[in-house]
Amino acid sequence: MLNLPAAVGLLAPMSEGESSEGYNPPTISEFFPEQVIGEGTFWGLTRIDLIALLMTGAVCLFFISAFRKPSLIPGKLQNVGEMALDVVYDNVIDEVMGVKGRKYAPLLMTLFWLILAFNVTGILPMMHIAVTSVVGVPIVFAIASYVAFNYAGIKEHGVGQYFKLNLFPAGVPKPIYLLVTPIEFISTFLLRPVTLTIRLLANMMSGHLLLVLFFGATSYFLFESSGLIQLVAIPSYLMGLIFVFFEIIVTLLQAYIFTLLTAVYIDGALSHEH
Amino acid sequence: MHPALEPDGEHVAHSAVGSLLGGVLVWGGVGILLDHWLGTGRALTAVGVVVGFLTGFFIVYVRFGRDE
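Heads up: the sequence lines are chains A and B, in that order. Per the numbering used here, the first sequence starts with residue 479, numbered consecutively. Per the numbering used here, the second sequence starts with residue 9, numbered consecutively.
Keep in mind that the hints were calculated from the coordinates and are not lab data. Don't take every hint at face value.
Stated by the list, open to error - So these bits of chain B aren't anywhere near chain A, every CB distance computed over 10 Å: (1) D43; (2) W45; (3) G49; (4) R50; (5) A51; (6) T53; (7) A54; (8) G64.
To be verified - Selected chain A positions facing chain B (in silico; Cβ < 8 Å): (9) I661; (10) S665; (11) V742; (12) G746.
No residue lacks a Cβ here, since even glycine has one placed at the ideal position from N, Cα and C.
I would like the entire structure built from these sequences, with the hints used as guidance.
What follows is the structure, given as structure tokens:
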């Protein structure tokens, strides 16, 4: 019989140590697979690490080969490469920061395309886990964003003035600073990297769990149950399919939001009127 | 800057969420600590959350709401 979930390559492997009886819903161990290369060494790699390396290589290879010999009349690959850059120029950089944002293009391009590549592995056959659903990855992106906007602000205003602009917004009566300044400190310097990390991580984790849940259930109803209950596999499979399309949107949206917020933070740090 | 490329600034409001959340976390947190310390039950936590939320709202107004 045709194994529908496996046929579209979306059924993620079941978690380790599961019991063989009955249906096993996905657990958190999905995101902590065993090392497959260099097991036990400090550089040991899991299959998620391998996917990360593969996607990083793919993104690098694409952009390097697209712009290796740039010409005024672009060839096919350069054309596609320019379209890829225009996505970020049009929707993030020009939109949020205007022309002064152009010098942050390398950072924002890298963020958008790398996060997108890392997200999309969640729905790619054979991979079916988003690299960004392992916390270490969004943290690194969030740190890059954090360093970038603070660096931009300090370079523009100097250390003292930068913190003054951020912690003491103009037009507030002095005694109110007692209430306002701690909030501004927490929200700007602590919450921003945390929310960037959690927003991306939680979206990709929950997407993966939903897909495993529905396709795992489909497989269970189809092959391990008998009688009319087998029919439940149909709605379960359809739900899985719907969530695959939903995940395509989430994948794009989360890469966009992360890049947009980084641009907004940098723009805010450069601004003279906080 | 070229006026055509002047950003409209509406995206800055994205960072408003941080101030609203930060307000509740900071002053709600202070409320929890004071409640523990003074043994006042949940009273100061409630006050802290309300004060934090209002202050967060005030910050959003000061930063993004005026002159528009």
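Hints versus structure:
1. Chain A leaves D43 (chain B) outside its interface by the beta-carbon criterion, the shortest separation being 18 Å against a cut-off of 10 Å.
2. The claim that W45 (chain B) is not at the interface with chain A holds, since no C-beta of that chain comes within 10 Å of its own (minimum 18 Å).
3. The non-interface label for G49 (chain B) is consistent with chain A: the shortest C-beta to C-beta separation is roughly 23 Å, beyond 10 Å.
4. Under the 10 Å C-beta cut-off, the non-interface status given to R50 (chain B) relative to chain A holds; the minimum distance is some 21 Å.
5. Every CB of chain A is more than 10 Å from the CB of A51 (chain B) (nearest about 19 Å), matching its label as outside the interface.
6. Every CB of chain A is more than 10 Å from the CB of T53 (chain B) (nearest about 16 Å), matching its label as outside the interface.
7. The Cβ of A54 (chain B) sits about 16 Å from the closest Cβ of chain A, beyond the 10 Å cut-off, so the non-interface label holds.
8. The beta carbon of G64 (chain B) sits about 6 Å from the closest Cβ of chain A, which is not more than 10 Å, so the claim that it is off the interface is violated.
9. The interface hint given for I661 (chain A) holds, since its Cβ lies 4 Å from the closest Cβ of chain B, which is under the 8 Å cut-off.
10. Because the closest C-beta pair between S665 (chain A) and chain B is about 3 Å apart, less than 8 Å, the hint holds.
11. This hint holds: V742 (chain A) has a C-beta 5 Å from the nearest C-beta of chain B, less than the 8 Å allowed.
12. Among the interface hints, the one on G746 (chain A) holds; its C-beta lies about 6 Å from the nearest C-beta in chain B, closer than the 8 Å criterion.
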